[in-house]
Each structure stands twice: as structure tokens, then as C-alpha cells.
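S.K.: So the chains spell out like this:
Number of protein chains: 2
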Amino acid sequence: MTNSAKPDPRFRFRILLGHSIAVGPGKADLLASIAETGSISAAGRSMGMSYKKAWYLIDTMNKCFKGPLVETSKGGKAHGGATLTPLGEEVLARYRAIEAKAYAAVTDELAAFNDMIVETPSRD
Amino acid sequence: MTNSAKPDPRFRFRILLGHSIAVGPGKADLLASIAETGSISAAGRSMGMSYKKAWYLIDTMNKCFKGPLVETSKGGKAHGGATLTPLGEEVLARYRAIEAKAYAAVTDELAAFNDMIVETPSRD
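If you read the protein sequences in the order shown, they are chains A and B.
For the first sequence, my numbering puts the final residue at 124, and the numbers step up evenly by one.
For the second sequence, my numbering puts the final residue at 124, and the numbers step up evenly by one.
Calculated directly from the structure, the hints in this document are not laboratory data.
Treat each hint with caution, since some may be false.
[Stated by the list, open to error] No farther apart than 30 Å at their CA atoms in a straight line, the calculated lysine-lysine pairs in the DSS-like style are these:
id	chain 1	residue 1	chain 2	residue 2
1	A	63	A	53
2	A	63	B	53
3	A	66	A	101
4	B	101	A	6
5	A	6	B	52
6	A	6	A	66
7	A	52	B	6
8	A	6	B	66
9	A	66	B	6
10	A	63	A	52
11	A	66	A	53
12	A	6	B	6
13	B	101	A	66
14	B	63	B	52
15	B	101	A	101
16	B	6	A	101
17	B	53	B	66
Isolated chain A (complex conformation):
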């Protein structure tokens, strides 16, 4: 705990489908990183996860949505390039829009919350 601890409000938005998480904060960040790096392994690495773990998350998304969100190229080397499909781009854009709209909708409530919270919680 630092002395500069300030209230940090965070929304975590997930869409569950049965026992699967169709999309949530981690999967949205992974989509964004794939769009940025053009590579599943680079995207996974930037998030501290293995290629296998990154691929598992992508595979879950691809099964939960009506089409794949990520496409891999059939390049020569293993773990070749990857891009978002148009559906993948739409899912990511709508996820970010949901986050932004949720925060915007509660600005006043968050200010009221901040007034009720101490700057730094006391410790035993």
C-alpha cells in the first residue's frame, strides 16, 4: 500500500455462454494485441502468456461467436501471422464501446463514491 493510493474504479465486462467466457477483459486485450502485433505468439508474449494459452482463448472465442474472430496465415514458419476478421474487429470495437459507455454513464456516481472513500485505508 502506497501513501498515494486513490480510489480506482474498474468495470469488468464479460459475456458468458454456458461455462465459457465468450469475451471478457483478457480476451478483448488479446484481440487488441493481435491487431497490433499481427501475431498470436507476440500478442501472447506481450500479455505474459504462452502461445498455447493464447490459442486456447482464441479457440474459445472462435467457437462462441458465429464465425472466427482471428485468422492465421498459412505462412512457411510455425506460429505465422494472425489478423482479426471483420467479425473480430467488430467484437473488439463493441467491447470497447461497452466499457466506455458504462464508465460515462456512472461518472456522477463515481464522484460520490470517491467522496466516501479514504485516501489510504488504515492498517492494523
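Given the coordinates of chain A, work out where chain B should sit on it, guided by the hints.
M.R.: Chain B only, in chain A's frame:
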């Protein structure tokens, strides 16, 4: 996974303060259950947690906010009655308002998401 799996969008809203969670879904439910049952042990039991765990969550909240959210009565028997303070009632009400406003703000986006998701994800 049942055949009737339908997309289930969920917001989880937390306010972090340093390393502590000042309030989140579990703590909000605990406050609501204390208001309903008038007892920390009964509230904890209804959520499948021990008295010790319930008290730990309350203690964290009491330290993160500018005053206690829960007050215990000095009754004769151990684990006596508990009530929300006015501040506790306000925190719970504002937490529920934040959830409700966040959902209301993204109704259109959620409908669009539902259209992109399959009814039941395919399995390997």
C-alpha cells in the same frame, strides 16, 4: 454446458484502493444480506462463507470508507445482531445504481453482441 446456453452479459464493478477492494460484487451482496438478515453470521452463511471471512470483508470495507458500513450490536450472545450504518446504506444503494446505469447505457450494444454469438458453442 446445457443446450439452452444463452449469452449472459455480466458487469463486475470494483473500486480498488491500493491493494484492497473497497467494494465489489461480493461485498455489495454481503451488505445486502446483512441488511436483510440483521446478522453477519446469517449473511455469511447465505453466501457460503464463514463468519471469519464475512467479518474480514466487512473490516476491509470499514477501513476503506470514511466511516464503518456495518455496526454490530453489543448483545448478550456472540455473533449478535448487525445493521448497516447510513453510510453503509448509501454505499450499497450507489453500488446498485452504478450496476443499473451501466447496464442501461449499453442495452443497444448488448443486443448487437447477442446477434454475433452462437446459441451453444461447439465442442471439440
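S.K.: Does the alpha-carbon distance linking residue 63 of chain A and residue 52 of chain A stay inside the 30 Å limit?
M.R.: 16 Å, holds
S.K.: Would you check the hint for residue 63 of chain A and residue 53 of chain A, treating anything up to 30 Å between C-alpha atoms as holding?
M.R.: OK: residue 63 of chain A and residue 53 of chain A at ~16 Å, within 30 Å.
S.K.: Taken at face value, is the distance from the CA of residue 52 of chain B to the CA of residue 63 of chain B at most 30 Å?
M.R.: 16 Å, holds
S.K.: Verify the proposed pairing of residue 52 of chain A with residue 6 of chain B, using a straight-line Cα cut of 30 Å.
M.R.: With a Cα-Cα distance of about 27 Å, the restraint between residue 52 of chain A and residue 6 of chain B holds, given a limit of 30 Å.
S.K.: Would you mind confirming whether the straight-line C-alpha gap from residue 6 of chain A to residue 66 of chain A stays at or under 30 Å?
M.R.: 41 Å, violated
S.K.: Residue 101 of chain B and residue 6 of chain A were given as a pair; does the straight-line alpha-carbon distance stay at or below 30 Å?
M.R.: Holds, at roughly 23 Å.
S.K.: When you check the alpha-carbon spacing of residue 66 of chain A and residue 101 of chain A, does it fall within 30 Å?
M.R.: Satisfied, since the Cα-Cα distance of roughly 25 Å is no more than 30 Å.
S.K.: Within 30 Å, alpha carbon to alpha carbon, are residue 6 of chain A and residue 6 of chain B?
M.R.: 38 Å, violated
S.K.: Assess, step by step, whether the Cα of residue 101 of chain B is no farther than 30 Å from the Cα of residue 101 of chain A, and give holds or violated.
M.R.: Between residue 101 of chain B and residue 101 of chain A the Cα gap is close to 10 Å, so the pair holds against 30 Å.
S.K.: Sort out whether residue 101 of chain A lies within 30 Å of residue 6 of chain B, counting only the CA atoms.
M.R.: 23 Å, holds
S.K.: Given the hinted pair residue 6 of chain A and residue 66 of chain B, is their Cα-Cα distance within 30 Å?
M.R.: This hinted pair holds, its Cα atoms lying about 13 Å apart.
S.K.: Hint check: residue 66 of chain A vs residue 53 of chain A, CA-CA at most 30 Å. Holds or violated?
M.R.: 22 Å, holds
In the structure shown, a violation is registered for the earlier hints numbered 2, 6 and 12, in ascending order.
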